[in-house]
Amino acid sequence: MGDAEYSFSLTTFSPQGKLVQIEYALNAVAAGRPALGIKAKNGVVLATEKKVPSILIDDSSIRKIENVNDGVGAVFAGMPPDFRVILRKSRKRAMEYWQVYKTDMPVYQLTKSAAQLMQEFTQQGGVRPFGVSLMIAGYDDNGPQLFQVDPSGAYFGWKASAIGKNYVNAKSFLEKRYNEDIELEDAIHTAILTLKESFEGAITQDNIEIGIVGEDRKFRVLTPAEVQDYLQEVE
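For my numbering, add 304 to where a residue sits in the sequence shown, where the first one is 1.
It should be emphasised that the hints constitute simulated quantities derived from the structure, not laboratory data. Cβ coordinates follow ideal geometry from the N, Cα and C atoms, glycine included. Watch out, some of these pointers could steer you wrong.
Below are the DSS-like pairs computed for lysine-lysine, each with C-alpha atoms no more than 30 Å apart in a straight line [to be verified]: (1) LYS480 - LYS354; (2) LYS463 - LYS322; (3) LYS322 - LYS345; (4) LYS345 - LYS416; (5) LYS475 - LYS354.
Per label pair, the in silico range of CB-to-CB distance [as the list claims (entries may be wrong)]: (6) PHE460 - VAL431: 18 to 26 Å; (7) PHE460 - LYS500: 21 to 29 Å; (8) ASP510 - THR407: 32 to 40 Å; (9) GLN320 - GLY505: 37 to 45 Å; (10) THR407 - GLY461: 18 to 26 Å; (11) SER476 - GLU327: 34 to 42 Å.
Could you build all of it, start to finish, from the sequences and the hints given here?
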C-alpha cells in the first residue's frame with residue numbers, strides 16, 4: 305500500500321512514516337504568494353508579494369503582513385482564511401500575557417504559542433492542518449528575532465528565510481546575499497531584490513508589502529510611498 309491509501313487520514317501514519325495531509329498542506333503553502341524575512345543587526349524585515357487576481361478588487365483591503373502586538377508582526381504564504389484564525393488567536397494570547405505581566409509577550413513565546421495551535425490541528429480527527437506557513441518577526445530583550453512556523457507546528461529561528469512559491473530559489477538568493485553584519489536598511493533592499501528575482505511583471509509599491517521592526521521595538525508596515533522610495537533606491 306502506498307501513501308495514497310492514507311491520504312484522507314490526518315491521524316494515521318503511512319508505512320513510510322508520513323502524515324500525508326501535512327504534506328498536502330505544505331503544497332498549499334508552496335502555491336502561495338512568495339514571502340520572506342531577513343534578520344539584521346538592528347531589526348527585522350518581512351516582505352511579500354501582494355498581487356490581486358482581478359483589477360476589480362480593491363487592493364487596499366488586502367493585507368498580508370499584520371501586527372500580532374506592538375512589537376511583533378507576521379507574514380504568511382498559503383490560505384488567507386487560515387492565517388486570520390491563527391492571527392486572531394495569537395493576538396488574544398498576546399493580550400492575555402499583557403494583562404498578566406504588563407509587558408509585551410516575548411517573540412519566542414508568541415511563536416511557540418502559534419506553533420502549538422498549528423500542531424494541535426495535526427492530531428485530531430475531524431479537523432485539517434492549517435494551510436499556511438508563517439514568518440514571525442519581532443524585537444525584544446534578546447534582540448531582533450525571526451521565526452518560521454510550518455503547518456506541522458514545527459518552528460525554527462532563522463537569519464533569513466523564504467516561504468511560498470519559488471521559495472527554494474529565494475532561499476538560494478538569500479544565502480548568497482546575507483551576511484551577519486547587515487543593517488536594517490540594507491536588509492530592506494535585499495528583501496526587494498529577492499522578490500524581484502521571481503516576480504512576474506513590474507514590481508510596484510502597490511503589489512508588494514514590507515514590514516519592519518527596529519530597535520524602537522515597534523513593528524509597522526511601510527506605506528506605499530515609503531516602499532516606492534526603497535524601490536527607486538534598488539533600481
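Here is what the structure says about each hint:
1. Taking the CA atoms of LYS480 and LYS354, the gap is near 25 Å; set against the 30 Å cutoff, the hint holds.
2. Distance check on the hinted pair: LYS463 and LYS322 sit about 28 Å apart at the alpha-carbon level, within 30 Å; holds.
3. At roughly 38 Å between alpha-carbon atoms, LYS322 and LYS345 are farther apart than 30 Å, so this suggested pair is violated.
4. Simply put, LYS345 and LYS416 have alpha-carbon atoms about 23 Å apart, close enough for the 30 Å limit, and the pair holds.
5. With a C-alpha separation of about 19 Å, the suggested pairing of LYS475 with LYS354 holds against the 30 Å cut-off.
6. With their beta carbons about 24 Å apart, PHE460 and VAL431 fall inside the hinted range of 18 to 26 Å.
7. Remark: the range hint 21 to 29 Å for PHE460 to LYS500 is upheld by a beta-carbon distance near 26 Å.
8. Checking the proposed 32 to 40 Å range against ASP510 and THR407 shows it holds: the Cβ atoms sit about 37 Å from each other.
9. Take GLN320 and GLY505: their Cβ atoms lie about 40 Å apart, and the range 37 to 45 Å holds.
10. Roughly 21 Å separates the CB atoms of THR407 and GLY461, a value that falls within the hinted 18 to 26 Å.
11. One distance hint, 34 to 42 Å for the beta-carbon pair SER476 and GLU327, is violated here, with the actual separation near 22 Å.
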